[in-house]
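If you follow the hints, you should be able to join the two separate chains into one complex; please do so.
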Amino acid sequence: MPRYLTDAPLDPAQLVAQVASPGCGGTVLFLGAVRRAAEDGDVEGIDYSAYHEMAEAELERIVGEAGQRWTGARIALRHRLGWVPVGEASVAIAVACPHRADAYAASRFLIDETKRRAPIWKRERLASGAERWVEPVHA
Amino acid sequence: MRIRVRLFASYAEAVGRDEIAIELPAGARLADALQAVRASVGTTRLPPMPLLALNLRYAKPDSPLSDGDEVALIPPVAGG
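For the protein sequence lines, the chains are A and B, in the order given.
The numbering of the first sequence is my numbering, which starts it at 594 and goes up by one.
The numbering of the second sequence is my numbering, which starts it at 933 and goes up by one.
One chain only, chain B, in its complex shape (with noise of 0.2 Å):
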């Protein structure tokens, strides 16, 4: 299945991109997301755990995903 991977702010910065799509079998969950950027990326840009999103809602990294999801790697916010 086909996920949307949306970087921002600091990681969007270290990553150099704001966006990534990425490939996952069946039964994918938002950890093996990560991992997949992760290794697409290179390891050291981001952070071991970062804060993340499912379909525009924060979400658990064992939250299962469907094909067409939209992921994002949420740095510490600092909004007011």
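Just chain A, same shape as in the assembly (with noise of 0.2 Å):
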């Protein structure tokens, strides 16, 4: 069953609503969107396709390791896939912990392994019409 990927915008008060609990003083939420930088031209949107169901398990496997390492933490992640243009969403992160700390942390491990393992990839497309798959940046 889907549970990180979707072909739907994200909705980040859906995402925080989830993983609020009374037992969580801080609630991070992550949002990358689709972006337009002056070296990459003239970017109109970018195309997202997946392994689907490696993503699916690759995702759980993340969330996962994320929940042992920091106990208690409340995590909902989504990945958009499909095309997606400039300005929305690509992937939201809401982590809930007892305290901010775990939560920033959590959230900056979430959304570093999600660009580092998850099988996804990006096809840009440019106002010109032209198309290109992008390499990664790990950054």
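Misleading hints may appear alongside valid ones.
Said to hold, decoys possible - Taking CB as the label site, the calculated pair distances span:
hint, chain 1, residue 1, chain 2, residue 2, range
1, B, S972, A, R693, 48 to 56 Å
2, A, G634, B, P980, 29 to 37 Å
3, B, P982, A, T599, 25 to 33 Å
4, B, P982, A, H645, 14 to 22 Å
5, B, P980, A, R709, 18 to 26 Å
6, B, Q967, A, R628, 35 to 43 Å
7, B, R977, A, S721, 21 to 29 Å
8, B, A946, A, L624, 27 to 35 Å
Simulated from the structure, these hints should not be mistaken for laboratory data.
By construction, the Cβ of each residue, glycine as well, lies at the ideal position given by its N, Cα and C atoms.
Structure (structure tokens):
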């Protein structure tokens, strides 16, 4: 059953509500959006594709690792697939923890590992109509 | 044994298909599957050592294969 991937626009409020808990004093919401950068040309948006079954499994492993490392962390993660225009979110991660330091750390871990490991690919479309695969940038 | 090999993104584009069925002898390893794919599609279409997955997990080239396994060639990932 798909849990982490979706073709629909992301709803950050829904993710935040999903992790809310009386025992959690700190909630961090991370949104990653498709951006336009001068060095990339006139990007209109990105078409995301995935190895669906493995991406779900890998994201499940990443969330599981975060849950073990930051005990008590409540995590909701969604990655969008298909066409995502500039300015819209492609990934949303909500983490609620008893204390904020853990929520920040877990959030950082989740987005870094998602970018490093989830079998998801980007095909960028420029205003000129040109398309190209985006090579990973580890920053 | 029969192995299902899946290709994605730039690799699927380079090869012109997203799935290849290959037949390997018992005892074959993941690297043998890669070699069989390269032999069937032309060695110049894929990088020499792409990232590999076996049954939905990243796996090393020396991982042993079983009949019915799903192998995938994973182009550099770029999620987020």
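Here is what the structure says about each hint:
Evaluation of the 48 to 56 Å hint for S972 (chain B) and R693 (chain A) yields a pass: the beta carbon distance comes to about 54 Å. At about 30 Å, the beta-carbon gap between G634 (chain A) and P980 (chain B) stays in the expected band of 29 to 37 Å. Checked against the hint of 25 to 33 Å, the pair P982 (chain B) and T599 (chain A) passes, with Cβ atoms roughly 27 Å apart. The hinted range of 14 to 22 Å is satisfied by P982 (chain B) and H645 (chain A), whose Cβ atoms lie roughly 19 Å apart.
The hint said 18 to 26 Å for the Cβ distance between P980 (chain B) and R709 (chain A), and at roughly 22 Å that hint holds. Restraint check, Q967 (chain B) to R628 (chain A): a C-beta distance of roughly 40 Å satisfies the suggested window 35 to 43 Å. Between R977 (chain B) and S721 (chain A) the C-beta distance comes to about 27 Å, which sits within the given range of 21 to 29 Å. A hinted range of 27 to 35 Å for the beta carbons of A946 (chain B) and L624 (chain A) is consistent with their spacing of about 33 Å.
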